[in-house]
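Q: Once you know that position 45 of the sequence shown is 44 in numbering that gives the first Met the number 0, the rest is easy, because the numbers rise by one and skip nothing.
Do not rely on the hints blindly, as some may be mistaken.
[Said to hold, decoys possible] Here are the simulated distance ranges between beta carbons:
1. A31 x N2: 38 to 44 Å
2. L11 x H58: 53 to 59 Å
3. L30 x H8: 40 to 46 Å
4. L34 x K5: 53 to 59 Å
5. H58 x P3: 48 to 54 Å
6. P24 x V4: 32 to 38 Å
7. H58 x G35: 33 to 39 Å
8. H8 x A31: 42 to 48 Å
9. L34 x N2: 56 to 62 Å
None of these hints come from the bench; they were simulated from the model.
Predicted model only: the values in this text are computed from it and were never measured.
Glycine included, every Cβ here is placed at the ideal spot set by N, Cα and C.
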Amino acid sequence: MNNPVKLVHLFLLAATSIATAAPQPNIVHILADDLGWQDIACYYRAAHDGKESVYETPHLDR
0 MNNPVKLVHL FLLAATSIAT AAPQPNIVHI LADDLGWQDI ACYYRAAHDG
50 KESVYETPHL DR
């Protein structure tokens, strides 16, 4: 009875170490209320009406 328990524990330890070794993707989900299509600089066309963007978003624009 002791050997199967050790075998299961060894298997679970190996499985978790393999699962954590895989690189994870960097996914950012931004949820904003009342955000229009012209509020982010990457979608704003300043040449259209000559105005600047409402918010500066340099990291989203990269």
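Q: If a hint holds in the structure, say so; if it doesn't, say that too.
A: Right, here's what the structure says about each hint:
no., hint, result
1, A31 x N2: 38 to 44 Å, "violated (56 Å)"
2, L11 x H58: 53 to 59 Å, "violated (40 Å)"
3, L30 x H8: 40 to 46 Å, "holds (41 Å)"
4, L34 x K5: 53 to 59 Å, "holds (55 Å)"
5, H58 x P3: 48 to 54 Å, "holds (53 Å)"
6, P24 x V4: 32 to 38 Å, "holds (36 Å)"
7, H58 x G35: 33 to 39 Å, "violated (19 Å)"
8, H8 x A31: 42 to 48 Å, "holds (46 Å)"
9, L34 x N2: 56 to 62 Å, "holds (60 Å)"
In this structure, the earlier hints numbered 1, 2 and 7 are contradicted, and the remaining ones agree with it.
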